[in-house]
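Undergrad: Take a look at the letters that make up each chain.
Protein chains: 2
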Amino acid sequence: MRMVDIIKKKRDGGKLSKDEIEYFVENYAREDIPDYQASALLMAIFFQDMDDEETVHLTESMVHSGETVDLSAIGGIKVDKHSTGGVGDTTTIILGPLVASCGVPVAKISGRGLGHTGGTLDKLESIDGLTVDLSISEFIGCVKKAGVAVVGATKDLAPADKRLYSLRDVTATVNNISLIASSIMSKKIAAGSDKIVLDVKKGQGAFMKSTEEARELAEAMTDIGNGMGKKTVAVVSNMDQPLGCTVGNSLEVKEAIRTLKGEGPEDLEELCFSLGTQMLMLGGAADDVSEAEEKLRSSMDDGSALDTFEKMIELQGGDPRCVDELHLLPQAEYREEIKAERSGHVKKLNAREVGRSAALLGAGREKKSDIIELSAGIELKKKIGDEVVEGDVLAVMHHNDKQKFEKGKKKLKGAYEFSVKEPKAEPLIYDIIGQEEKR
Amino acid sequence: MRMVDIIKKKRDGGKLSKDEIEYFVENYAREDIPDYQASALLMAIFFQDMDDEETVHLTESMVHSGETVDLSAIGGIKVDKHSTGGVGDTTTIILGPLVASCGVPVAKISGRGLGHTGGTLDKLESIDGLTVDLSISEFIGCVKKAGVAVVGATKDLAPADKRLYSLRDVTATVNNISLIASSIMSKKIAAGSDKIVLDVKKGQGAFMKSTEEARELAEAMTDIGNGMGKKTVAVVSNMDQPLGCTVGNSLEVKEAIRTLKGEGPEDLEELCFSLGTQMLMLGGAADDVSEAEEKLRSSMDDGSALDTFEKMIELQGGDPRCVDELHLLPQAEYREEIKAERSGHVKKLNAREVGRSAALLGAGREKKSDIIELSAGIELKKKIGDEVVEGDVLAVMHHNDKQKFEKGKKKLKGAYEFSVKEPKAEPLIYDIIGQEEKR
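Top line first, the protein sequences correspond to chains A and B.
Take 35 as the starting number for the first sequence in the working numbering and just add one per residue.
Take 35 as the starting number for the second sequence in the working numbering and just add one per residue.
Calculated from the structure, these hints are not laboratory results.
Mixed in with the good hints there might be a few duds.
No copy labels: a pair is met if it fits in one copy or bridges any two.
[Stated by the list, open to error] Dumping the calculated DMTMM-like pairs for lysine to aspartate or glutamate here, alpha-carbon to alpha-carbon at most 20 Å:
no.: 1; residue 1: K417; residue 2: D257
no.: 2; residue 1: K179; residue 2: D465
no.: 3; residue 1: K42; residue 2: D203
no.: 4; residue 1: K49; residue 2: E60
no.: 5; residue 1: K401; residue 2: D39
no.: 6; residue 1: K447; residue 2: E375
no.: 7; residue 1: K447; residue 2: E370
no.: 8; residue 1: K43; residue 2: D203
no.: 9; residue 1: K42; residue 2: D83
no.: 10; residue 1: K243; residue 2: D46
Only chain A is shown next, with the shape it has when bound in the complex:
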């Protein structure tokens, strides 16, 4: 078998066999196939696509390119959760403890990507002492004791995907449903959970710009998961504006803690309930949506969700006092209010631009080597649909550097659009794909 023939076959619209896909992935993972052949194949796939079978074979091959985590020492049905990424999305930090407190173990392995704000791992590292660098046995031990742990991915997990992902990023071959779906699912499957709940976001702050695209991706991923024996459900949700009211690492941890106490923003709680419901149902802790919702609610109300989070923090080496004393989390040196310059309704609040504004404040990472300012970020006081009077505070910017603030402020102001009339409300959740039990 020669790689150039595989490229040619796909270029000419052919269907790659299991053997051909395995040959490519195995040899690419061990660097026997160079990047320049891989990128040519990726571009050919961009144009000619892969069918469901090819996508499953690609996913399987990427899983087999590295280690798979064996979670069998943990009792119960382990349910993983993954989001395709948005701005202000702190759901994992809420859902992990919340779902675990309802009896479904959550063993979450997270990646550390680039982005407007840090990822879940960076956010958790706002907590004094907490480490996400556990060995697999420490990780399992933590899940057994607390019901939940969140750790960083090792380089041994789907290494072929890791290499391919970096390559796609610099060769304009990211945007292909099969490649996106297999990339995400290979990591999820290698991570060892039994079932998977996906949060597929659409909108200006998400990868998928339209609901149709998001639904297509959701279907591709659930097909892969189900095809590989891991029951998968996907929630298609809105990411036109940031989720919740904060964007930034320690700010989002605070918001997650408030949400676990039942005091979180409505949209964030709604999405957590939607995803949590699917997780409980897949995990066998609830038979239907209403039972699941009741359990989630009572876990919040009786404090067991928060207790679980404290236990997780402690087991991961962190100081759990921050749960009760939010001021222990990193605080920015300055807070500056951004005020409305006109009256009306917030018509749009471009999630991507808010994210970029937070990044300008220092909350994100452009290069791997960038150091995140955990305390920097934005508190949104007005979101889409809110009425605004000139002079009202739209947002509060948390920062440590006046120059960064000026840049971030300009960007944030551009994220808001106003209208005289109240804009039509968009739903937060568009669809749930693969749910067995109807609401």
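Since the structure of chain A is provided, determine the placement of chain B on it from the hints.
TA: Chain B in isolation, oriented as in the chain A frame:
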């Protein structure tokens, strides 16, 4: 400017600007853009194509990526000749001296590629002592004295093309008219001649399988040449069966010498006359086809073409006695006849398969490091249309190794197809593109 944005633009069907193309080529040539981004762009170009303007910009940028040869020290209109490559194609060795002897200087810089048989450079190296590694000033001196010289390309000539060409070969991105045309033309333009005659081959032994494709490539190349101020004419010729009656390095030199003496095979002479006519007309040595043909014929008849060849050999350090004593050229140890196993007419003689057979005998190069057996090759005694009686000699194989012979023999036998009736004759020359004067 970022390479990933350039890839994305082409991927999405955009037209690349002059600046974008220059940015890519310049940075790629100095290895500031990695192969994996270049190959992604090449594959995007494969699918989205480039228009005439983009193709000219690509060609120009590749010319500017290295040195251009200044031939102004040589008087007269220098006319270059290039073939897109075939099997048994020894026209350059004939045309160089032939055209030069008619007063048009030929300063030919040739590449050393892989192939079923060696290229022009390898063939010339069959001549004892001859070197193709001249400095530019030696090269120019030789053209001034003999009217002709044939040397190897230096790495400084269109280096961006050199890098891109190797990359295309292993990423299934060779087959694109714009890329092929700009690759060939960048080298021709950098080589410094004033005008260019192209031999664009179509058929089983050529790169372009159909006359339409060959014509398309011919038009793309003449457009580039004319667009860059180098008048270019292209002859579209047949390469279904090998050209002439020999395939192999020293065998083809012998055939070239015989042709210069007026004793060559009909098809080879016909093509040389067609190309030579265009070269004389472009070089100002003839006003029309008949005048050109007369000059070429008389140069052959009065021995001045052969004299010119001898002079060139001598100036390039070779022993010119081989011209009169062909046995001084490398001779293979063994000659074995391949006989017809049935009677009929030769219906097909697959040029590619004959080429492969010669390669199996050792006449070609699969890897750069392979050493060519200059004496190995095939003499074709029967070609398309010839009548054959069972037991007739179809071909004579010249070899130095029984094992190689057995493999080559099997391949050669498969190249012949027979029919009861005489097959319909295909023309040798399909079209001449860009000729100002009609026949």
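Undergrad: What are the numbers of the hints the structure violates, in ascending order?
TA: 1 and 2
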